[in-house]
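Sequences are here, hints too, so could you generate the full structure?
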Amino acid sequence: MNTRPGQQHRWVGRSVRRKEDAKILTGRGIYVDDVRVPGILHAAVLRSPYAHARIAAIDVAPARQMPGVVAALSGRDAEAYVNPAAAFCAEPVRQDAIAVDRVRFCGEAVAVVAATSRHAAEDACQRIDVEYEPLPVLADPFAAREPGAPRLHEGLASNVAFERKLRFGDVDADFARAAHVIRGRFRWHRMSAQPLETAGAVASFEPADGSMTVWSNTNMYNFVPFVFADMLRVPTHKLRMVPCLAGGSFGSKHLLSKCILIAAALSKATGRPVKFLEDRVDNLSANDNLGPDRFYEAELAVSEQGEFLSLRLRITDDYGAYFRFAHGQHGNALSQPVGPYRIASLEYDVACVLTNKDQQGFFRGAGSDPGNFVIERLADAAAAELGIDRVEIRRRNFIQPDEFPYRIPTGNIYDSGDYERVLDLALQEADIEHWRREQERLRAEGRYLGIGLASCQERSTYAATEWWFLYDKPPLPLTSTPESVRLAIDATGGFLATIGCPFWGQSSETLVAQVVAEEFGIDPDQVSVEHADSRAGFISAGPGGSRLTVMLTGATVGASRKLKDKLIRIAAHIMELPADALEVAEGKVRRRGGGGELSIAALAMKAHLFQLDLPEGEEAGLCATHTYAHPLTTPPNEDRTDLGAFYPIVSHACHIPIVEVDPETGHIEVLKYFAVHDSGTVMNPRLLEGQVVGGIAQGIGAALLEEYVYDEEGQLLSSSWGEYLLPSIHEVPDIVVRHHETPSPFTEYGVKGAGEGGRLVAPAALASAIEDALAPFGARVSELPMTPERVLALIRDGANR
Amino acid sequence: MKVGERFVVAQAADEVWTLLRNVPQVVQCLPGAELLESLGEDRYRGRVTVRLGPVTTAFEGEATVRNDAAARAGRIQGRGVDRKSGSRGSIEVDYGLAEIPQGTEVQVDADIVLSGPAAQFGRPGLVRELSARILRDFAGNLEARLAAPSPTSGEAASAGPAVVLPHRELRGFSLLWSSVIALLRGFFASIFGRS
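Chains A and B, in that order, are what the protein sequence lines are. Residues in the first sequence are numbered from 1 upward in steps of one, following this note's numbering. Residues in the second sequence are numbered from 1 upward in steps of one, following this note's numbering.
Some clues are possibly wrong.
To be verified - Cβ pair distances, simulated, as ranges:
1) A:24 / B:136: 52 to 58 Å
2) A:183 / B:84: 49 to 55 Å
3) A:133 / B:39: 17 to 23 Å
4) B:140 / A:798: 45 to 51 Å
5) B:84 / A:83: 30 to 36 Å
To be verified - Sample of chain A residues facing chain B (criterion: CB under 8 Å; computed from the structure):
6) 37
7) 40
8) 47
9) 49
10) 50
11) 716
12) 719
13) 739
To be verified - In silico SDA-like cross-links for lysine to any residue, where the CA-CA straight-line distance does not exceed 25 Å:
14) B:2 / A:20
15) B:84 / A:134
16) B:84 / A:479
17) B:84 / A:165
18) B:84 / A:76
19) B:84 / A:102
20) B:84 / A:67
21) A:165 / A:479
22) B:2 / A:717
Read the hints as simulated data drawn from the structure, not as lab findings. Heads up, the beta-carbon is just placed ideally off N, CA and C, and yes, glycines get one too.
See below:
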């Protein structure tokens, strides 16, 4: 049963203070690097200077002679202790945490050392002798996909790891009736999350019984713990994975493999606990989860009246050297490729090409980020070509409030929304007319102000089907994406919630306490929340795909309702009233309409220690676990012309950034930023604003600064924060955030996800702003990030046209 | 990355060629280079140290020198490792002499491949300027040595250097400075070239 949206809430919708802050801000949180275990060793990694080479010989013996060193392992040595990294692809692409015989990207690990200190381990790495035979480097995906190109993986017929042409609806007929076809080529570069704290693990192998404990900042230990167990070669029942606080992830710590495998292999080799925490260069050059790197050829069929009819996308995606998460970022992109628009059909032609670069995984936006950029660029281009105002063309194409739940051509469902209302609120908030006047005034002075506009979807709450439905024969066709919460009320009425997901920087403790407080009518401060390790029997997919608020709310409500029912049964027995005459409110069980109540504390004592006061057959204690299932998963059909519902809780946003572009230097200044989001029922306005603002900051990075640059030899030229540029307070302006609430009909309280929205919208909005600023030059923005060099090139090309 | 340098020295080609054949002397003309060992059959072990700001990179490895006396040309092929950073470098240098009225024109073309941190942290433009600067210094040193009182060619070949140029590691600050100036020159050239 869903809680009625719009009903009066005491805690839902309030900016309850963040429970996590006190320990984090006072330095009392335990991160991987804070884990202290007696006898601990520290690991360092020797990395390949070549992007592609055969390891002709490797000698780690000199490292073993160095002071403080306890073990040094090559990839071949490590094979004695651990398996290759877990892969979710169907293709035979093997990846070892430490390269065996061959390196496939610059920065790949070739040997590891464990020593009594990190610096001793680092020094010892320098003594390892490696003889490389450089191989031809595949740095360009188009060259790599040529039939004669050297193959990166012997088991594959070519470097195109995956290729599929998908059709949803009658694309040809829709294009045939189009009055205009808007064409464009778009480019989205490789980026990654750059969390302040890098990925890491402490692994402690116990030779006496073959068990292992791993402390790490990974996710998914409560979702697919057997995957970790298999990779570490430890029976599932002997593996204990303990979550540490994560200093940010943004998706980059999903199912960490390399750092855990390195720590585990060394722990097995030494019989001692071993810590490996990536340094910044490790993380930049070799982390598991880079974002997409795509070349788009796109066509949008448009009617005489400006209606969008059909979309064709041909995508070449540079996946890098391995394929661990398969084409996952395309499964994701198929959740909302048509944006908020009523587009009847779609052709999606994708090729995932392997090259000598660090691999893709998942990163905030997870493949839907470039999709939003492309559809919004096409919408602006259509407006320009048809001479329709860009606001008006969006209005004409928006899915309307009475059409929900709306099925898009791929089969995914959009649950609810009011896109025009969000657009209107944004236009009003930004005061567009003021900025148009300002633009005109400044142009007279030779200055270029631009007003951006993007109306984008933020799909939330993924279903695991998205990982595999593009395969006809998937290796692991999961259909569950659950989240678990256990709620216990002790004998004195104290509340303890245990959650199965890790802390990744979100506010899951605050949220769970807030929901428990709402359900029982108590104060959130009365609720303690802790994180379960992998031995507690939880099934929790954890953070990812903007799912946590939706899923944790559902699980917490479920566990709360079980306990409320039990409290009512016990109270009804004691008060000799029918159960339906009672309700739980204000920390009590009371008779509806007054006339008798018992406090939860009094009932809890009964439940724990007064067996003779309980109804017959009632089990003692107050503890309930609820595993909340994904709210709407439907299976794909056989021929994959319908992928089913897999990302159905869909938020929406309209962003209006104001920028100034300096045509002399190519510098872009973001002057002001307006964002209106509809993420369903707002659980906690302050937390939601934090997600939106943080996402917009990362979106500014995506639009202006962040890019992995590899040269033709596959050398990573952006291998430090001196070259890989991040947005700072100087680049991120004052951001005005407003909310509209269209509750979801499928979730508890009507909440929707909001973790990726800022980053899913900002790049598209900023591209539009830059194009608007450079309109006098006839410039078209089709590539991000818009670095000063690219801005100047746009101006030059415009002048030449 | 390819860099090249042509320069003219006042001496006759034979004299220049005699010097170029003398590997220990040539190494002394190359800033930052040290000869560690002669391995016979034109193979040598050596080290090249470059300091760029706070970062010192020392490539240690082997090189093969092949000279074609008839053509007065030669080729050096070398590979080295900087253990501290885990960087690798390889180099191919082709050189040749041509007699001209003013003396001898020396042509040196190098193809440098850096891998690992040395390639990544050194921005390509800076590394190019640095390499060009090393070649220019090499040319200057070569000229200085040729201009010094000339021993007989036989002595030069067997008895080592006649003029002892101090071995010095390539200096970070001056190199960085000249490289920055060169980069700026390139930048302005590109601006004026565009307009």
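Taking the hints in turn, this is what the structure says about them:
1. A:24 / B:136: 52 to 58 Å: 55 Å, holds
2. A:183 / B:84: 49 to 55 Å: The hinted range 49 to 55 Å holds for residue 183 of chain A and residue 84 of chain B, with Cβ atoms some 52 Å apart.
3. A:133 / B:39: 17 to 23 Å: Holds, since residue 133 of chain A and residue 39 of chain B (Cβ atoms, about 21 Å apart) stay within the stated range.
4. B:140 / A:798: 45 to 51 Å: The hinted range 45 to 51 Å holds for residue 140 of chain B and residue 798 of chain A, with Cβ atoms some 46 Å apart.
5. B:84 / A:83: 30 to 36 Å: This hint holds: roughly 33 Å between Cβ atoms.
6. 37: 29 Å, violated
7. 40: 25 Å, violated
8. 47: At about 6 Å, which falls below the 8 Å cut-off, the nearest Cβ of chain B leaves the hint on residue 47 of chain A intact, so it holds.
9. 49: Residue 49 of chain A check passes; min Cβ-Cβ to chain B is 3 Å, inside 8 Å.
10. 50: Holds, because the Cβ-Cβ distance from residue 50 of chain A to chain B comes to roughly 5 Å (cut-off 8 Å).
11. 716: 6 Å, holds
12. 719: Result: holds, 4 Å to nearest chain B Cβ.
13. 739: 43 Å, violated
14. B:2 / A:20: 55 Å, violated
15. B:84 / A:134: The hint holds at about 20 Å.
16. B:84 / A:479: 49 Å, violated
17. B:84 / A:165: 48 Å, violated
18. B:84 / A:76: Since the Cα atoms of residue 84 of chain B and residue 76 of chain A sit roughly 24 Å apart, the hinted pair holds (cutoff 25 Å).
19. B:84 / A:102: 22 Å, holds
20. B:84 / A:67: Holds - the C-alpha atoms of residue 67 of chain A and residue 84 of chain B are around 17 Å apart, at most 25 Å.
21. A:165 / A:479: 24 Å, holds
22. B:2 / A:717: Holds. Residue 2 of chain B to residue 717 of chain A sits at ~18 Å (cutoff 25 Å).
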